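A.B. asks: What follows is each chain in one-letter form.
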Amino acid sequence: MDQQPPIPPSDLKLLGSWADSHTHRVQLALKLKGLPFQYQEEDPLRPSAALLIHNPVYKNLPVLLHRGCPVLHSIIILHFLDDTWPHHRSLLPSDPFDRATARFWSHFADDKLAPAVAAVFSSEGDGQKAAVDQVHQNLKLLELELGDGGAFGGRRFFGGDEIGFLDIVLGCGSYWLAVFEEVMEVKLVDPEAFPRFHAWLRDFEDQREVKETIPAIDKLLEYARTVRQMMLGGGATAAAGDNAASN
Amino acid sequence: MAEAVVLLDLWVSPFGQRCRIALAEKGVAYEYKEQDLDNKSPLLLQANPVHKKIPVLIHDGKPVCESLIIVQYIDEVWSDGAPLLPADPYARAQARFWGDFIDKKMERSCISNLHMNFQSLFRCELNANKSSAFCSFSMDQIYEYGTRLWKLKGEAHQEAKKEFIEILKVLEAELGDKKYFGGDAFGYVDIALVPFCPWFYTFETCGGFSVEAEAPKLVAWGKRCLERESVSKVFDDPVKVYEILKQVYGFE
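Chains A and B, in that order, are what the protein sequence lines are.
Here the first sequence stands for residues 1 to 247, where the numbers follow full-length UniProt numbering.
Here the second sequence stands for residues 1 to 252, where the numbers follow full-length UniProt numbering.
Because the hints were derived from the structure by calculation, they are not lab data.
A portion of the hints provided could be inaccurate.
[To be verified] Mimicking BS3-like on lysine-lysine, the simulated pairs with C-alpha atoms at most 30 Å apart in a straight line are:
no., chain 1, residue 1, chain 2, residue 2
1, B, 161, A, 59
2, A, 129, B, 52
3, B, 161, B, 104
4, B, 26, B, 240
5, B, 169, B, 233
6, B, 217, A, 59
7, A, 59, B, 162
8, A, 140, B, 62
9, B, 169, A, 59
10, A, 140, B, 104
11, A, 129, B, 104
12, B, 52, A, 140
13, B, 52, B, 62
14, A, 112, B, 53
15, A, 112, A, 129
16, A, 13, B, 104
17, B, 52, A, 112
18, B, 62, A, 112
Please read these numbers as outputs of a predicted model, since none were measured by experiment.
Could you put together the complete structure from these sequences and hints?
C.D. replies: Pasting the structure below:
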């Protein structure tokens with residue numbers, strides 16, 4: 001194995017937001033791969049000049065700058081980290097079929113589960129009940145895959161014995177489930193209905209690198225309560241709610 | 001062995017076409033299985049139980065779903081053929097970004113919903129009162145971009161047209177003066193976008209604009225792609241696409 005020279009911290013700069021789960025994905029990935037980086041906190045509602053220059057199409061976070069060149073979208077960034085530093089701990093599995101499976105479920109996380117969870121936060125009454133049902137439907141599918149005969153059957157983590165790409169993608173964001181359960185007073189991850197998913201999430205959040213990345217739960221609770229208040233207040237601050245809900 | 005690779009697909013699907021182009025570029029022999037989306041086969045339901053959608057690539061009995069995931073899989077498995085994604089990590093990241101951009105923007109033009117109606121259309125007799133194919137169409141499934149061009153009137157129509165032209169211009173700017181999106185080599189982003197080219201005729205006819213006037217480099221790129229056998233074999237005739245959509249939606 002070639003010895004790669006040490007990476008100067010100035011090579012990697014992450015533009016992110018402290019409460020953004022996609023930012024957490026990248027921070028966790030960088031930590032797991034042992035890659036030093038600089039961090040710049042951004043306000044998603046007031047994008048900086050740097051953000052607008054580096055992400056003119058979507059103007060969103062996170063943005064990873066590698067020697068000044070921007071890489072966008074957390075899932076694409078995780079792939080980029082593996083491609084650029086293949087000798088550091090791999091995030092994605094090596095087998096093409098396993099990689100395809102991990103990618104499929106990462107899309108599921110972003111296209112199905114996340115919007116359903118966001119809908120729980122931003123709705124009320126019957127709409128919220130429907131959103132909660134949708135989250136349960138989605139969790140049921142993941143529970144199946146963690147079971148015998150499922151794509152990840154018998155594993156402690158989606159990545160196997162250690163956390164990997166799909167754990168990072170699903171895990172960074174799943175902490176909102178506990179937050180919304182408390183703030184919205186709904187039951188999302190019932191350990192009886194979803195024992196495997198519950199166990200996986202508990203083990204994921206117990207990892208040292210994860211604890212160092214994800215903000216303390218009381219900070220997230222306070223943030224969620226504030227945003228929810230603003231959303232119920234209506235008007236211009238509803239945009240803040242959309243932003244929080246989609247994180 | 002051809003039977004080790006099976007593609008569950010629908011002939012008119014741009015997403016399925018992406019897979020067919022990728023397989024052809026790599027010279028992979030496969031069995032094509034046309035699916036009936038009105039009566040989904042047990043094989044499709046077993047291969048894609050989560051979304052029940054095509055395309056699905058089944059390789060040695062194992063299913064791979066979602067067109068761009070399939071294209072990446074094809075590139076990784078048949079790695080001795082010409083690569084579809086570039087070697088440089090940063091260029092790969094850019095290719096993934098544009099593939100994702102095309103997915104987000106083009107999928108929202110209701111193509112996946114139109115599959116049902118194309119399917120019905122080809123199974124039914126085409127008759128003057130537009131029968132079951134049109135009636136089965138559910139009006140609340142319309143969304144955004146391309147289809148809004150023929151659904152909306154007045155201001156909303158102008159807005160849809162403006163948004164669609166913006167997408168074309170963004171893609172035009174990204175292409176620039178390159179032969180293909182990745183440079184000299186035909187690849188991932190070209191594969192992601194080219195199946196939507198036959199739809200441009202419909203969009204411009206309904207939208208009252210010219211794609212060539214708004215994005216001439218994109219049109220020239222489309223013609224270059226068509227010179228490749230992998231693309232010409234799956235390309236739909238744009239006028240045929242228009243006639244089908246006209247029938248389904250009943251627009252003038």
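A.B. asks: Would you mind marking each hint as holding or not holding in the structure?
C.D. replies: Now for the hints, and whether the structure bears them out:
no.	hint	in the structure
1	B:161 - A:59	holds, 22 Å
2	A:129 - B:52	holds, 25 Å
3	B:161 - B:104	holds, 17 Å
4	B:26 - B:240	holds, 28 Å
5	B:169 - B:233	holds, 27 Å
6	B:217 - A:59	holds, 26 Å
7	A:59 - B:162	holds, 20 Å
8	A:140 - B:62	holds, 22 Å
9	B:169 - A:59	holds, 18 Å
10	A:140 - B:104	holds, 26 Å
11	A:129 - B:104	holds, 28 Å
12	B:52 - A:140	holds, 16 Å
13	B:52 - B:62	holds, 15 Å
14	A:112 - B:53	holds, 15 Å
15	A:112 - A:129	holds, 16 Å
16	A:13 - B:104	holds, 27 Å
17	B:52 - A:112	holds, 14 Å
18	B:62 - A:112	holds, 23 Å
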